[in-house]
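Peer 1: Listed below, chain by chain, are the residues.
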Amino acid sequence: MKVGVLKEIKAEENRVSMTPAGVEVMKQNGHTILVEKNAGTGSGFDNEAYVKAGAEVVVATEDIFNRCEMIMRVKEPQPSEYELIREGQIFFNYLHLAAAEELAHALIKSGSVCIAYETIQKEDGSLPLLTPMSEVAGPMAVQEGAKYLEMAQGGQGVLLGGVPGVDPGTVLIIGGGVVGINAARKACGLGAKVYIVEANLERLRYLSDVMPNNCFLIMSSPAAIRELVQIADVVIGSVLVTGSKTPKFVTREMVKTMRTGSVLVDVAIDQGGCFETSKETTHSNPTYTVDGIVHYAVSNMPGAVPKTSTLALTNATLPYVIEIANKGWQKAMRENSEIKLGANVVKGKVTYKGVADAFGLEYVPIDSLL
Amino acid sequence: MDIGILKEIKAEENRVCMTPAGVEVMKQNGHTVLVEKNAGTDSGFSEEAYINAGAEIVDTPAEIFSRAEMVMHVKEPLPAEYELIREDQIVFTYLHLAAAEELTRVLIKSGSINIAYETIQKQDGSLPLLTPMSEVAGRMAIQQGAKYLEMAQGGHGILLGGVPGVDPGSVLVIGGGVVGTHAAKMACGLGAKVYVLDMDLDRLRYLSDIMPSNCFLVMASPATVRKLVKEADVVVGAVLIPGAKAPKLVTREMLKTMKKGAVLVDVAIDQGGCFETSKATTHSEPTYVVDGVVHYCVANMPGAVPKTSTMALTNATLPYAVEIANKGWQKAMRENPEIKLGANVVKGKVTYKGVADAFNLEFTPIDNLL
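If you're matching them up, the sequences are chains L and V in order. According to our numbering, the first sequence is numbered sequentially starting from 89. According to our numbering, the second sequence is numbered sequentially starting from 44.
Chain V with its partners taken away, still in its complex shape:
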C-alpha cells in the first residue's frame, strides 16, 4: 500500500505521525511510504533519516493526497486539506469529530475511510492511542506545577519536594487513571506528599499496591476534594470521561479556600476542564491567575515535548497502521475489533454512534460496510 505521512500544520504542533524507524518497518512489510518535506524536523528527524529508512520525500500535501491510499496525520485535517481528501482514501489520525461538525460533514462528503486514533479501543475499555499522550501529559503536569510554584512565575515560592527539615509541598491528583498515575509517580519521585483521588475502589487498591509510600489514596467525593484543595500546593485535574465533557470537580467556591499562589494544572482542558475556573491556554501563554491561584490549562500539553510525544505516539500507532496497510481496512476491521471501533466516517456514512448523536446524523453500524 502507498502510505502518506503529512506534515502537521496546526499551530504549536511539532509531532509527526511516523518516525524513520516506523518507515523501515512499513518497508519490511512491503509498503511504499511518502513523507512530506520537513514533516519530522521538529521531532528531531531529518529528511535524510527518512530517506535512509526507505521513504520518498514529497514536496506538497497535494501530492501525498493524490498518490497515497492511506494518509496519516497526528491532528485532524484542516480546511486547506478538505478538498484534497479522495474517495476511498484511508485517513488515519486523531479526529475528535464529536466536537467538529464542519469537519464531520466534509469527511462524509469526501467518501473517505476515516479511522480515528482516539476511538480505537481494547476489550478492557482502554484507549491505546490516547494512553501514550496521557502518560506524557501526566508526567508533564508535575513539572509545570513545580515550576509555577516559583515566586517569579506567580506561585507562592515553595520547592515541591522540600529539603531536609522543611515540609515538602502537597500535590492533589484528581483521578487515578493513566494521567493521574503518571503524575503521582513523578510527584512522589520529587518527594512531595501526594494524594490521589479516585472513585473506583479497585483502582485505589491497585494504586495502593504499586505506588510509593508518599502516595496517599483517597476515595473521591465532593467532601474529600473540598477538604484536600485547602492544603494542596499543586492540584492536577486528571479526570477523563471518554467522549463527554469533564465534570467540574473543583468549584469556584473551593478555589477561594485554596492557598494563594497554589497551582492548578488542568490536564482535562481538552474536554472542557475539570476546574470551574479553567479556560484553555497555549504554550506561549500558559498561565493566568484567578483568586490568587495560578491556572495552567494548556491544551495539547504533549506538544511541548514533541520528541518524546512522537516516539510515544508512534510506538502505539505503528502496529495498527501496519495491520491496516497489510490487510486493507475492511479485513483489518473484520479481524480486529479494536480497529473496527476506530471507524468514524466511512464512505459517506457515520459509523461511530457518538458522532452521529452529536449532530443528529444517521448512524450506520460499520458491520454493514464490511
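Chain L extracted, bound-state conformation:
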C-alpha cells in the first residue's frame, strides 16, 4: 500500500505521525512511504533520515493526497485540505469529530475511510492511542506545577520537594488514571507529599500496591476535594470521561479557599477542563491567575515535548498502521475489533455513535460496511 505521512500544519504542533524507524518497518512489510518535506523536523528527524529509511520525500501536500491510499497525520485535517481528500482514501489520525461538526460534514462528503486514533479501544476499555499522550501529559503537569510555584512565575515561592528540614509541598491529583498515576510517580520522585483522589476503589487498591509511601490514596468525593485543595500547593486535574465533557471537580468557591500562589494544572482542558475557573491557554502564554491561584491550562501539553511525544505516539500507532496497510481497512476491521472501533466516518456514513448523536446524523453500524 502507498502510505503518505503529512507534515502537521496546526499551530504549536511539532509532532510527526511516523518516524524513520517506522518507515523502515513499513518498507519491510512491502509498503511505499511518501513523507512530506520537513514533516519530521520539529521532532528531530530530518529529510535525510527518512530517505535513508526508504521513504520518498515529497514537496507538495497535494502529491501525497493524490498518490496515497492511506494518509497519516497527528492532528485532524485543516480546511485547506478538505478538498484534497479522495473517495476511498484511508485517513488515520486524531479526529475528535464529536466536537468538530464542519470537519465531520467534510469527511462525510469526501467518501473517505476515517479511522480515529482516539476511539481505537481495547477490550478492557483502555484507549491505546490516547495512553501515550496521557503518559507525557502526567509528568509534564508536575514539572509545570513545580516551575509555576516559583515566585517570578506568579507562584508562592516554594520548592515542591522541600529540602532537609523544610516541609515539602503538597500535590493533589484528581483522578488516578494514566495521567494521574504518571503525574504522581514524578511528584513522589521529587519528594512531595502526593494525594490521589479517585472514585474507583479497585484502582485505589492497585495504586496503593504500586506507588511509593509518599503517595496517599483517597476515595474521591466533593468533601475530600474541598478539604484537600486547601492544603495543596499544586492541584492536577487529570479526570477523563471518554467522549464527554469533564465534570467540574474544583469549583470557584473551592478556589477561593486555596493558598494564594498555589498552582492549578488542568490536564483535562481538551475536554473542557475539570476546574470551574479553567480556560484554555497556549504554550506561548501558558498561565493566568484567578483569585491569586495560578492556572496552567495548555491544551495539547505533549506538543511542548514533540520528540518524546512523537516517539511515544508512534510506538503505539505503528502496529495498527501496519495491520491496516497489510490487510486493507475492511479485513483489518473484521479481524481486529480494536481497529473497528476506530471507524468514525466511512464512505459517507457516520459509523461512530457518539459522532452521529452529537450532530443528529444517521448512525450506520460499521459491520454493515465490512
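Treat each hint with caution, since some may be false.
As the list claims (entries may be wrong) - Some chain V residues flagged as far from chain L (calculated, every beta-carbon gap over 12 Å): (1) ILE94; (2) GLU124; (3) LEU146; (4) LYS165; (5) LYS270; (6) VAL365.
As the list claims (entries may be wrong) - Derived DSS-like pairs (lysine-lysine); straight-line CA-CA distance at most 30 Å: (7) V:LYS392 x V:LYS118; (8) L:LYS125 x V:LYS303; (9) V:LYS302 x L:LYS163; (10) V:LYS299 x L:LYS125; (11) V:LYS303 x L:LYS95; (12) L:LYS140 x V:LYS273; (13) L:LYS98 x V:LYS302; (14) V:LYS288 x V:LYS118; (15) L:LYS98 x L:LYS435; (16) V:LYS302 x L:LYS140; (17) V:LYS53 x V:LYS392; (18) L:LYS98 x V:LYS303; (19) L:LYS415 x L:LYS115; (20) L:LYS210 x L:LYS163; (21) L:LYS125 x V:LYS302; (22) V:LYS273 x L:LYS125.
To be verified - What the simulated footprint calls covered on chain V by chain L, stretch by stretch (three residues with Cβ under 8 Å from a Cβ of chain L suffice, anywhere in the stretch; the number is not a length): (23) 81-92; (24) 173-184; (25) 189-195.
No wet-lab data here; the hints were simulated from the structure. Note that the coordinates shown come from a computational prediction; the quantities given were computed from them, not determined experimentally. We treat Cβ as the ideally placed atom computed from N, Cα and C, and that holds for glycine.
Assemble chain V onto chain L, guided by the hints.
Peer 2: Showing chain V alone in chain L's frame:
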C-alpha cells in the same frame, strides 16, 4: 540582647533572615526582637505572625540600626545602609566581602562586628550556612532543566523522564557535592539517566552507596566531561571551590559538540560559573542561547522559592544567632570555632585572611581581639 531583623532591599530578594518561629525561640532565650515592617511578607509571614511570636514591628531600618545590638539580614548591607551601621554593632548576614571592596572598607570604617554566614565552617570543612541554599539550588536546577527542554522554551522538546517505550533524557551533573547530590536525587526521581562526575573517589563511593540505580558515578576529568556533554540533554554545573572562582569545566569547544536544544544550568554562576559561555541572568530573564544550547544562569536561584529558602536558611542560622545573642560575640567565638571562622571584619580590623588578601589589607587574627 536587642536583635533587629531587617527587610531585604536587594532586587528579587524575597527571603527574610528570621521567621516568627525563630522570634519565639529568641524570646524564650530572653532577647528582644525588632522586625522591620513587611520584612517577612514575601516569604509568607505577616506582621501579625511576628507580633504573636513576640516581636516588635519597627517602621524604618534606621530605627533598627540605632536600637539593636545585633542586626540580621540575608544579603549584605547596601549603600543606603552604610551610614547606619554603628560601632560595636554585630552584623550577621551573607557578606561575600572578597568580591566587594567598597563594602569591606565601609565595614572597616564602621567599627562593627561583621560575622559572615558564608565563612562559618565546621571542623569537617563543611559550610553549614551555605549548605541549605545549595540544597535548594541543586533541587531547583532539575526543574529548570526539565522546563527549558520544552520546545516553546527553546529546548529540543523532550520530556526528561521519558515515558514507557521512550528513552528518558540524560542529565550530567558536574560536581558531586551538596548541589550535585540534590540535583541528582531529583533527576533520578523523575526517571532520567543521571551521571554525576566528581574528582573525589571516596565521595563517588559514598554516592554509589546512597543513590538510586539510575545514577551513574563517573570520575571527573576533561575527557569524561568532553564525552558526556555530547549525549546530555541537561548539564548541571555544580562545582564550588570555596572563596575561589569556579573552574571552566565545559569549554566553548565542548559546547559545539552538544545536542541543539540541550540545556545548561550553571549553579556555580555566583562564583563566575563553570561553563565558559555562562553569564549571570535574572529570574525575570532567566535564559539565553549560545550555539543552540539554552543557558540558565540565574544568580541567587533560591530567591525564586523564598518560602522554602527562608525556612531552610533560618533552620541553619538560628542556632548560631541564639548562641551569639546568649553569649555575646566574644564568648561565642571563643567557645565555638565555627562562629569564630565567621568573623570577617571586627572593630576596624580585617579578620578573615581571604578578604585581607583580596584587597591587600592588613590581616589581624581574630584571636587577638577575643
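Peer 1: If a hint holds in the structure, say so; if it does not, say that too.
Peer 2: Hints, one by one, checked against the model:
The beta carbon of V:ILE94 is kept farther than 12 Å from every beta carbon of chain L, the shortest such distance being approximately 21 Å. Every CB of chain L is more than 12 Å from the CB of V:GLU124 (nearest about 24 Å), matching its label as outside the interface. The Cβ of V:LEU146 sits about 26 Å from the closest Cβ of chain L, beyond the 12 Å cut-off, so the non-interface label holds. Against the 12 Å criterion, V:LYS165 stays outside the reach of chain L, whose nearest CB is about 16 Å from its own CB.
For V:LYS270, the non-interface assignment is confirmed: its Cβ lies about 21 Å from the closest Cβ of chain L, beyond the 12 Å cut-off. Once the 12 Å rule is applied to beta carbons, V:VAL365 is consistent with being away from chain L; the minimum gap is 16 Å. Pair hint V:LYS392 plus V:LYS118 holds up; C-alpha atoms about 21 Å apart against a cutoff of 30 Å. For the hint linking L:LYS125 to V:LYS303, the alpha-carbon distance of about 21 Å falls within 30 Å, and the restraint holds.
Between V:LYS302 and L:LYS163, the direct Cα distance comes to roughly 28 Å. Compliance with the 30 Å bound is thereby established for this hinted pair. For the hint linking V:LYS299 to L:LYS125, the alpha-carbon distance of about 27 Å falls within 30 Å, and the restraint holds. Between the alpha carbons of V:LYS303 and L:LYS95 the distance comes to roughly 22 Å, so the proposed pair stays at or under 30 Å and holds. Pair hint L:LYS140 plus V:LYS273 holds up; C-alpha atoms about 23 Å apart against a cutoff of 30 Å.
Pair hint L:LYS98 plus V:LYS302 holds up; C-alpha atoms about 26 Å apart against a cutoff of 30 Å. The hinted pair formed by V:LYS288 and V:LYS118 meets the criterion: a straight-line CA distance of about 20 Å does not exceed 30 Å. In summary, the hint linking L:LYS98 to L:LYS435 is supported, as the alpha carbons are separated by about 26 Å, within the 30 Å threshold. Restraint check for V:LYS302 and L:LYS140: satisfied, since their Cα atoms lie roughly 21 Å apart, inside the 30 Å limit.
In summary, the hint linking V:LYS53 to V:LYS392 is supported, as the alpha carbons are separated by about 27 Å, within the 30 Å threshold. For a cut-off of 30 Å, the pair hint linking L:LYS98 to V:LYS303 stands: about 24 Å separates their Cα positions. Straight-line distance between C-alpha atoms of L:LYS415 and L:LYS115 comes to about 15 Å, which keeps the hinted pair within the 30 Å bound. Of the pairs offered as hints, the one joining L:LYS210 and L:LYS163 holds, with about 22 Å between alpha carbons and a cut-off of 30 Å not exceeded.
In summary, the hint linking L:LYS125 to V:LYS302 is supported, as the alpha carbons are separated by about 23 Å, within the 30 Å threshold. A hinted pair counts as satisfied when its Cα atoms are at most 30 Å apart, and V:LYS273 with L:LYS125 qualifies at roughly 28 Å. Restraint check on the region 81-92 of chain V versus chain L: 3 residues with Cβ-Cβ distances below 8 Å, three needed, restraint holds. Note: the region 173-184 of chain V has 5 residues with beta-carbon separation from chain L under 8 Å; the three-residue rule is met and the coverage holds.
Restraint check on the region 189-195 of chain V versus chain L: 6 residues with Cβ-Cβ distances below 8 Å, three needed, restraint holds.
The structure agrees with every numbered hint stated previously.
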